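Number of protein chains: 2
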Amino acid sequence: MSDRRVAVILFEGFELLDVFGPVELLHVTPGFTIDYYGPQRGPIASSQGGQVVAEHAYDELVDPDIILVPGGYGTRPLAEDAEFLKQLKTIGTAANLVTSVCTGSGLLAAAGLLDSYRATSNKLAFGWASSFGTDVEWVSTARWVHDRDRWTSSGVAAGMDMAAALIADLCGTDVAREATVFTELEVHSDSTWDPFAAIHGLA
Amino acid sequence: MSDRRVAVILFEGFELLDVFGPVELLHVTPGFTIDYYGPQRGPIASSQGGQVVAEHAYDELVDPDIILVPGGYGTRPLAEDAEFLKQLKTIGTAANLVTSVCTGSGLLAAAGLLDSYRATSNKLAFGWASSFGTDVEWVSTARWVHDRDRWTSSGVAAGMDMAAALIADLCGTDVAREATVFTELEVHSDSTWDPFAAIHGLA
Chain A
1 MSDRRVAVIL FEGFELLDVF GPVELLHVTP GFTIDYYGPQ RGPIASSQGG
51 QVVAEHAYDE LVDPDIILVP GGYGTRPLAE DAEFLKQLKT IGTAANLVTS
101 VCTGSGLLAA AGLLDSYRAT SNKLAFGWAS SFGTDVEWVS TARWVHDRDR
151 WTSSGVAAGM DMAAALIADL CGTDVAREAT VFTELEVHSD STWDPFAAIH
201 GLA
Chain B
1001 MSDRRVAVIL FEGFELLDVF GPVELLHVTP GFTIDYYGPQ RGPIASSQGG
1051 QVVAEHAYDE LVDPDIILVP GGYGTRPLAE DAEFLKQLKT IGTAANLVTS
1101 VCTGSGLLAA AGLLDSYRAT SNKLAFGWAS SFGTDVEWVS TARWVHDRDR
1151 WTSSGVAAGM DMAAALIADL CGTDVAREAT VFTELEVHSD STWDPFAAIH
1201 GLA
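Top line first, the protein sequences correspond to chains A and B. Each step along the first sequence adds one to the number in the numbering used here, with nothing skipped, and position 53 is 53. In the numbering used here, each residue carries its 1-based index in the second sequence increased by 1000.
Heads up, some of the hints might be wrong.
[What the hints assert, rightly or not] Simulated DEER-style distance windows between Cβ atoms:
{"#": "1", "chain 1": "B", "residue 1": "T1141", "chain 2": "A", "residue 2": "H56", "range": "24 to 32 Å"}
{"#": "2", "chain 1": "B", "residue 1": "D1035", "chain 2": "A", "residue 2": "G42", "range": "15 to 23 Å"}
{"#": "3", "chain 1": "B", "residue 1": "A1057", "chain 2": "A", "residue 2": "I199", "range": "35 to 43 Å"}
{"#": "4", "chain 1": "B", "residue 1": "E1060", "chain 2": "A", "residue 2": "T141", "range": "41 to 49 Å"}
Simulated from the structure, these hints should not be mistaken for laboratory data. A quick note: this is a predicted structure, and the numbers were derived from the prediction, not measured. A virtual CB, placed ideally from N, CA and C, is assigned to each residue, including glycine.
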């Protein structure tokens, strides 16, 4: 059994499924704990209007293990927000693993956390996300990309496939399978499966 | 464009993905609004510990259109809670469409809302859910079951397939496809697809 701590980085306008798809799988995996961080403690409004409570503020996140950065419309102003990007860079640099779903990789790139890494992002917003970063090798056809201590997924639902692959990588395929059977989720285990790239003219 | 109102019935110990899978798809569908109801207004703790804010209390839910009842460990005490079941029956009887994900159908059945209907539930907890109700035709192999104004899905991730089918039923397959392309979700459109029934010895 692993003993891993996942810190979800919430911000106003995050995409709900970007967070709760991966969280569902990670939570049912033995040894994983999940905590929610926001710019301040308290309710944070998602892209969908629903509010999720951040139990902790970003500046309380010391010694991060795994961080999960979602996408959503809230990424647009944050990618231009120097104070946020500085905080994210500090947190991401200290973390053992940095993961993102959807346009969350745009934030990672804008914070400099993907420099010299391979990465992917949402396919509808690929042009936006891939405009950030220095020397990032953006992969336009990928369900997710795992490069050393960075895991980035394609849009929204792709985060669940990435989370299952991450669990398999950390805990073995049997443990990952238990998580997906419990949640009755059929995952794509091939990271190059990506019909949405073609739909959005990227393949 | 439809103009549909979805009321999510939150309770302590609800399963996060049961809610936010369907909500993600319904929210990106033009004309759908989502509101969250709890036993009282304020933060409601999920099965996974994360808290979601109920903006309204159950007794504020008058003239419900579509209700969405999730599963999760919180269903166990509620299925024995006469006051909750009475409230749920009042709300469900007034609603135009009653939907559930996972063990949420156990609550619907316990409230008498599935009497003389066909329905399904989570496959791991099928015995528990199907112990409730009178004259319910429980379908043990089904991703979801649609019977008149009742939609019930299998466990957790199955709620997303049901939501896509519900959107297709209400708005057409093109609209449903737009929702799944936006969220980069590959859905099962065959309601009889259910490998998890066999895994749990039900097929």
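Original post:
Looking back at the hints listed earlier, which ones does the structure fail to meet?
Top reply: Hint 1 is the one this structure does not satisfy, whereas the remaining hints hold.
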